[in-house]
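The listed protein sequences correspond, in order, to chains A and B.
Each residue of the first sequence is one higher than the last, beginning at 13 in my numbering.
Each residue of the second sequence is one higher than the last, beginning at 60 in my numbering.
Treat each hint with caution, since some may be false.
[Said to hold, decoys possible] Derived, one-sided and incomplete: chain B residues facing chain A with beta-carbon distance under 10 angstroms: (1) 79; (2) 89; (3) 99; (4) 100; (5) 123; (6) 126; (7) 201; (8) 202; (9) 205; (10) 208; (11) 212; (12) 232; (13) 240; (14) 251.
For the record, the hints were derived by calculation from the structure and aren't laboratory data.
All C-beta atoms, glycine included, are put in the ideal place defined by N, C-alpha and C.
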Amino acid sequence: MKAKPTTRLFSLIESRAGIVWIVLVVLTIANPVLGIEGHLAGSTGVHLLGVAILTIAVVKVRFVGLDFMELRKAPVPMRLMFEAYCLILWVVLTACFLWL
Amino acid sequence: MGMTTVSQPVAEGRQIPGESGVWVFFFGDMVIFLIFFVAYLVHRAGAPELFAQSSQELGLAMGVANTLVLLSSSLLVVLGLGAVRREGRSVAVGAFRGAMACGVLFVVLKAFEYTHIASGTTGLDLNAFFSWYFVLTGVHLVHVLIGLGVLGLMVSRARQSGDGAEKRMMVIESGACFWHLVDLLWMLIFPLLYLVA
Numbered sequence: 013m014k015a016k017p018t019t020r021l022f023s024l025i026e027s028r029a030g031i032v033w034i035v036l037v038v039l040t041i042a043n044p045v046l047g048i049e050g051h052l053a054g055s056t057g058v059h060l061l062g063v064a065i066l067t068i069a070v071v072k073v074r075f076v077g078l079d080f081m082e083l084r085k086a087p088v089p090m091r092l093m094f095e096a097y098c099l100i101l102w103v104v105l106t107a108c109f110l111w112l
Numbered sequence: 060m061g062m063t064t065v066s067q068p069v070a071e072g073r074q075i076p077g078e079s080g081v082w083v084f085f086f087g088d089m090v091i092f093l094i095f096f097v098a099y100l101v102h103r104a105g106a107p108e109l110f111a112q113s114s115q116e117l118g119l120a121m122g123v124a125n126t127l128v129l130l131s132s133s134l135l136v137v138l139g140l141g142a143v144r145r146e147g148r149s150v151a152v153g154a155f156r157g158a159m160a161c162g163v164l165f166v167v168l169k170a171f172e173y174t175h176i177a178s179g180t181t182g183l184d185l186n187a188f189f190s191w192y193f194v195l196t197g198v199h200l201v202h203v204l205i206g207l208g209v210l211g212l213m214v215s216r217a218r219q220s221g222d223g224a225e226k227r228m229m230v231i232e233s234g235a236c237f238w239h240l241v242d243l244l245w246m247l248i249f250p251l252l253y254l255v256a
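Only chain A is shown next, with the shape it has when bound in the complex (with noise of 0.2 angstroms):
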């Protein structure tokens, strides 16, 4: 017997999907509280904290890519791609914001 649809999508919402998305809505809630004590901290504090918020977004991102653009599933070389790139990004970013 087939299972309601109401009863499907409860179950998809307890699947990972559903607990990558409450990962990252802590995640965005975690930032600006970060972004705020970086107000109030010191030099060496905001740029702590300022990598700390860089690094929070590729988190995220990489979430969104594997699970709900589902990279973790795709093949070896397109997720070694996506995984390259959060990399970059994280470097790159974080480099410019700490030393420019």
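Chain A is already provided as a structure; the job is to place chain B on it using the hints.
Below, chain B alone, put in the same frame as chain A:
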């Protein structure tokens, strides 16, 4: 005949989501935005105090709200895609329509924010920071508007039945990935403009 996933099998257990050709555009778009972000940070380095002061004029709550709205729309698209694969057309249509509603809400919030800034209630001239703000959010907003059209197409395909199920699934999977790309880009624009400026 029920719909099934038609992601292109490449290796056992691994599939390209949607049409492989659209990924050239997706990766290209992501690289272009990375170049935008670097140019933005270079300009910021030239006037850090101006950027910091101007950034604080943006409503943080509005940025967070925009992010949560897009994240929710992405979850609805995931749910809709899963429902299509499980032959639950009505659930899929509802989920995609919900994602569209979130997209419209994002546009409304952005319009409100644009009006607020343009009306000068921030008390600041449209300086270099706000120029970048309008460029980055404007190009992203174009993506959102295109994405709304794509979601509309996904609704229409999800409602159809009969022949051409594979082609319909390909359109729906590709469209879902485009909407997630819109979400992904905002995950970077939000902290760069609202938090680390």
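Status of each hint after checking the structure:
1. About 9 angstroms separates the beta-carbon of residue 79 of chain B from the nearest beta-carbon of chain A, less than 10 angstroms, and the hint is met.
2. Taking 10 angstroms as the C-beta cut-off, the interface hint given for residue 89 of chain B holds, the closest approach to chain A being about 6 angstroms.
3. For residue 99 of chain B, the suggested interface contact is upheld, since its CB lies about 9 angstroms from the closest CB of chain A, less than 10 angstroms.
4. The restraint placing residue 100 of chain B at the interface with chain A holds, with a minimum CB-CB distance near 4 angstroms, inside the 10 angstroms limit.
5. Checking residue 123 of chain B against chain A by beta carbon gives a least distance of about 6 angstroms; that is within 10 angstroms, so the hint holds.
6. Checking residue 126 of chain B against chain A: minimum C-beta separation of about 5 angstroms stays under 10 angstroms; hint holds.
7. A cut of 10 angstroms between beta carbons decides the hint on residue 201 of chain B: the least distance to chain A is about 19 angstroms, and the hint is violated.
8. Evaluation of the residue 202 of chain B hint against chain A yields a violated restraint, the C-beta minimum of about 14 angstroms exceeding 10 angstroms.
9. The interface hint given for residue 205 of chain B is broken, as the beta carbon of that residue sits about 17 angstroms from the closest beta carbon of chain A, more than 10 angstroms.
10. Proximity of residue 208 of chain B to chain A is violated relative to the hint, the smallest CB-CB distance being about 19 angstroms (cut-off 10 angstroms).
11. Against a cut-off of 10 angstroms between C-beta atoms, the interface hint on residue 212 of chain B is violated, since the closest Cβ of chain A lies about 18 angstroms away.
12. Nearest Cβ of chain A to the Cβ of residue 232 of chain B: about 8 angstroms, under the 10 angstroms cut. The hint holds.
13. Because the smallest distance between the Cβ of residue 240 of chain B and any Cβ of chain A comes to about 7 angstroms, under 10 angstroms, the interface hint for this residue holds.
14. A distance limit of 10 angstroms between C-beta atoms decides the matter here; for residue 251 of chain B the minimum to chain A is near 8 angstroms, and the interface restraint holds.
Violated hints, listed in ascending order, are 7, 8, 9, 10 and 11; each of the other numbered hints is respected by the structure.
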